[in-house]
Amino acid sequence: MRLRVLLGLLLVLGMAAFTWWVQRLSDALERNDTAAAGNHIDYYLDDFRVLATGNDGRPRYRLEGARMTHLAPADTATIEAPKLEWIPDSGPVVTLRSERAEGSPGGEEILLAGEVTLRRPAWNEQDRIDARTRDLRVWPEQRTAHTPEVATAEVDRYRIRGRGLAIDLNRGTLTLEHEVRGTHVP
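Under our numbering, the sequence shown has 146 at position 146, and the numbering climbs by one with no breaks.
These are computed hints drawn from the structure, not numbers from a lab.
Treat the hints with caution; some may be incorrect.
Claimed, not checked - Okay, the calculated beta carbon distance ranges per label pair:
| id | residue 1 | residue 2 | range |
| --- | --- | --- | --- |
| 1 | 184 | 39 | 42 to 52 Å |
| 2 | 184 | 93 | 22 to 32 Å |
| 3 | 149 | 20 | 38 to 48 Å |
| 4 | 39 | 158 | 41 to 51 Å |
| 5 | 139 | 100 | 16 to 26 Å |
| 6 | 23 | 81 | 17 to 27 Å |
Where a beta carbon is used, it is the ideal one built from N, C-alpha and C, also for glycine.
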């Protein structure tokens, strides 16, 4: 009787191990099929620079980076060490940099991923602005950007910190949205 129970138990354990092995093999094959049928690199650019212009032919923004890899058929791109320069109708260029970026199909939206820095030089009677945040979502054509992450902004006379950062170049604003604290130097 004991031998029969032991053999039954071994049979059940053997079936469980076999089922586990088949499941892992199936998952590995599925991953390979997905990778083979999915996105692939159709081109890449090293040390690239792109200038986007409006319908009137005037420069709107420049995008450059160490490397851009374009994936097909998704029509998405990844960029290493990106630098985005917004060129306003009047005033200084606003420069955004990050560790990497991901572009949506058609480039309508760019996620500046990792640590992001913003720099706007002093202009007219406005102080320079240096800001830092993470994971900034940019809509280059609309000239807007947003992140829900913590951000700091420094000018010559004060430093502010808050959660959530919104940029609107059309109105010339940089807004910290929540939990804002600041230090002013007279």
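Here's how the hints hold up against the structure:
Distance hint check: the CB atoms of residue 184 and residue 39 are about 49 Å apart, consistent with the given range 42 to 52 Å. A hinted range of 22 to 32 Å holds for the C-beta pair residue 184 and residue 93, which are about 27 Å apart. At about 41 Å, the CB distance of residue 149 to residue 20 agrees with the hint of 38 to 48 Å. Remark: the range hint 41 to 51 Å for residue 39 to residue 158 is upheld by a beta-carbon distance near 45 Å.
Distance hint check: the CB atoms of residue 139 and residue 100 are about 18 Å apart, consistent with the given range 16 to 26 Å. Taking the beta carbon of each, residue 23 and residue 81 are about 41 Å apart, not inside 17 to 27 Å as hinted.
Hint violations for this structure: number 6 only, all remaining hints satisfied.
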